[in-house]
Amino acid sequence: MDFLPVRKLDDILALDKMVQELTCKLSYPMGSLLKIAGRYLPNFGIEVTDQNRAELERSSLTNYFSCWGRAAKVTLEAIKKATTDAGFPVNNSHLNDEVGKMTVDVLMNLARADKTRQFMLTDIGAGDGETTAAVFDAMCNEGAFDLAERCEFLLVEPSEENLWNASKNLRDHRINQEHKVRIATVGGTNHNFLGRIKDGESDVIYSSAVFHHMIFPTYLDRLREGLAADGVLVVGDWYTTIFKHPAFVAEILRNLDIDKPGYAEFLSLFKCSEGDEKRLTQHMDRDEIITNFRMLRYIVTIGQEFQKIPVENRDEFLEGHCSFEDRKVDLESKGFMTEMKQLSGHHGFSKMHTNVRNVDPYGAAKVGAFAKQPILRKQR
Amino acid sequence: MNKPSNEMGVNKKHYVFEEKDPKHVFTNFDEIVRFDTDFWNVTKDLPIRTGSLMRLSEESFRNWRIGITPENKQLIKRLGEDFRQKDYCEKQRDSSIRTVETTDWIDMIRNGMTRAMVHYAKEVLLSLDDGKRALNVCELASGYGKVSVSLAASLLAQGSNDLLSRTRFYLVDYSEEKLKRAVEKLEPYNPAEIVTVPMSDEEFLAAFKEKSDVMLSLCHMHKRPFLGDLLEKINDSLSRKGVVISGDLHSSLPSHPMLMYQLLERMGTENRRLKLFRDMFSAFMDAKTIPASAEENRAITDHQEYWAGVYNEILSSKSTGTMRSRHYVLGAFDTTKKRVALMEDKGFIIDPDKVRRAFPKAKIGSNPVHMAPGSDRASVVLAMKGKALKG
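Listed in order, the protein sequences are those of chains R and U.
Numbering follows numbering that gives the first Met the number 0, with no gaps: position 149 of the first sequence is 148.
Numbering follows numbering that gives the first Met the number 0, with no gaps: position 199 of the second sequence is 198.
Worth flagging that the hints you see were computed from the coordinates, not collected in a lab.
Errors might be hidden in some of the hints.
As the list claims (entries may be wrong) - Derived pair list, reagent style DSSO-like, types lysine-lysine, alpha-carbon separation capped at 30 Å:
(1) Lys386/U / Lys240/U
(2) Lys72/R / Lys222/U
(3) Lys80/R / Lys222/U
(4) Lys90/U / Lys179/U
(5) Lys337/U / Lys240/U
(6) Lys79/R / Lys222/U
(7) Lys362/U / Lys179/R
(8) Lys307/R / Lys90/U
(9) Lys197/R / Lys365/R
(10) Lys90/U / Lys72/R
(11) Lys24/R / Lys80/R
(12) Lys43/U / Lys72/R
(13) Lys179/U / Lys80/R
(14) Lys24/R / Lys259/R
(15) Lys232/U / Lys208/U
(16) Lys72/R / Lys179/U
(17) Lys43/U / Lys307/R
(18) Lys365/R / Lys360/U
(19) Lys240/U / Lys336/U
(20) Lys362/U / Lys365/R
(21) Lys362/U / Lys114/R
(22) Lys24/R / Lys72/R
(23) Lys386/U / Lys131/U
(24) Lys208/U / Lys76/U
(25) Lys79/R / Lys85/U
(26) Lys79/R / Lys179/U
Said to hold, decoys possible - Computed footprint of chain R on chain U, listed as stretches where at least three residues anywhere in the stretch have a Cβ under 8 Å from a Cβ of chain R:
(27) 112-118
(28) 155-166
(29) 355-369
Even glycine gets a Cβ: it sits at the ideal position worked out from N, Cα and C.
With the hints as extra help, turn the sequences into a complete structure.
If you want it as structure tokens, here you go:
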């Protein structure tokens, strides 16, 4: 089994299949390694090269789409219950709250700078419209009804069914009591759903709890192109390092009661020993440790809830989480300004003290606003 | 199942409804219980049932042939409370009830109401804050602390950590398990204190010695048949300039037997049951007696649509748990207009201009806040403490 690292696509897929089979009988299986953030794949013995990157990204999205296709109402309810039972202080709804507020703060600043400007706002991974509903709510709470009339919303979401629900839900939103808000949708379950965003069209692009499903930051290129010259990207997301290293994943598997041979094989495959996770933890700060511990508890609790639902509706636990610092590196490398000192002169950020807001006390959930850099720095 | 509490000396013998005077309004408690038993038996064993009449709002009882008197009020109130507790336990035991009853729309409305409530709560807290004193926030029927946790998250996100560190949260709920979870969620925000109270709201408020600056209640007041009593206690428990912020669902559907009958018809209820229902309320089925605005009528339609949707979901479900779960339609729902009138009657100030004058720096928009365009189905009301009208 000593064949790692692998770089040829066939070898990577063979490794992935082998690992998935080890955990497929668990109530909460691990799923594909190709859902882990690309920057952490080398820790799992997968070398990312210019030759295999696009294929890995395609496989990753295929895996995600297949997972989402299995999810039913019982799946979402089980996950929701586990979020509560695992004691997570916040959930996606809180993340949406702050994405909504941050988006409206930025928008009001842009509107103050140009009193006649019409705005296009784009929701990436719009789902059932919950994040856009939060933007509408923030507009209503701020009394920004007249601003709403100057806005058009574009909902970008791979699932046509979700988009249909989103349009229906948002039509019934209270913002339409005062003013009719225009909504357009872009859907299609293909791998290039972001490709349909027009260049320079969006003044604000916002997204909540979506980007941790993207393993490479290539999507940021498309979003940057989609933004107007002074456009702003508002991102709410989960930031953990629980899937950064196979030793952490091994700990999850142990807590999900993987059988002993399977556990031993997993450790041996990735050259880990029991207790490695403790050694790695020594280099982490308190918040990161607490966040990862809560994530572990969350995954285990979902595993318990999934025992009560049909096998065909069960999700898989690996995702592309990364640390907030790593996300910032990605954003900067793709031409976004991430620091408040860079943004203070930008009219979308006037009167703002900070461009990053913590939603979770331990930093696991944050909302950040990042502006497009005027000239893209040369990439390595 | 909904059986009258034995502790209350209620005769458990099944009573077969026999009409003597179709216009008769029951005031004797034993007769009311027998009539109610016959009533809930009409829809017994259906996936969606009316449930007991004891869930109705004080104002609706008469439309359903029950007259409230000083002699029977406390007995009816206690019996209603027993039913509410049973519903609560049933929902905790059977998670499929919640799964089926929580539609996308309900989820979105609850989140929207929470956001509006958090916005008003934050604006009031920031206005009251002098940078020194402790502030008390109380959430009634808090469950997992949805509104309190959202408020804490919002204060953290905007950097009001100092205010948060001086805020004491009181969480009131029957369920100790839910309170435990709520504390786990709220504790990381480091508020001044979290006090959990595993009892009913009225019991808590009667014993509450402190004063609350902000009282929160989400989707709860429509479960209180004698809401006026609760509102009086809330008013007494608020500090000077204290506010209660309530987000709630509204509808006149349970206010009149005719509207309920229409829903049962729509759900394809057998003729035998419909006839029993008609027989019980033959002199009370005139729909012309239901005055309602366009928004209130839409709320009735929305409410009926909601239950029809739940019914379809149950029928299409493959899960035997869902097929067996029990759902009750009746509740103490009212209209927003009536809620505001009741609050004003109990001494609260709702007029947005007056509220704005009391909190000049706060961003107070409309009050009440209607959550659905063209419909009175859901709203948030901010009610400021005024002079309590005793007696």
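Results for each hint:
no.	hint	verdict
1	Lys386/U / Lys240/U	11 Å, holds
2	Lys72/R / Lys222/U	26 Å, holds
3	Lys80/R / Lys222/U	23 Å, holds
4	Lys90/U / Lys179/U	18 Å, holds
5	Lys337/U / Lys240/U	23 Å, holds
6	Lys79/R / Lys222/U	24 Å, holds
7	Lys362/U / Lys179/R	23 Å, holds
8	Lys307/R / Lys90/U	17 Å, holds
9	Lys197/R / Lys365/R	27 Å, holds
10	Lys90/U / Lys72/R	18 Å, holds
11	Lys24/R / Lys80/R	22 Å, holds
12	Lys43/U / Lys72/R	27 Å, holds
13	Lys179/U / Lys80/R	14 Å, holds
14	Lys24/R / Lys259/R	13 Å, holds
15	Lys232/U / Lys208/U	12 Å, holds
16	Lys72/R / Lys179/U	26 Å, holds
17	Lys43/U / Lys307/R	28 Å, holds
18	Lys365/R / Lys360/U	28 Å, holds
19	Lys240/U / Lys336/U	23 Å, holds
20	Lys362/U / Lys365/R	25 Å, holds
21	Lys362/U / Lys114/R	22 Å, holds
22	Lys24/R / Lys72/R	22 Å, holds
23	Lys386/U / Lys131/U	27 Å, holds
24	Lys208/U / Lys76/U	24 Å, holds
25	Lys79/R / Lys85/U	24 Å, holds
26	Lys79/R / Lys179/U	17 Å, holds
27	112-118	holds (count 5)
28	155-166	holds (count 4)
29	355-369	holds (count 4)
Violated hints: none; the structure is consistent with every hint.
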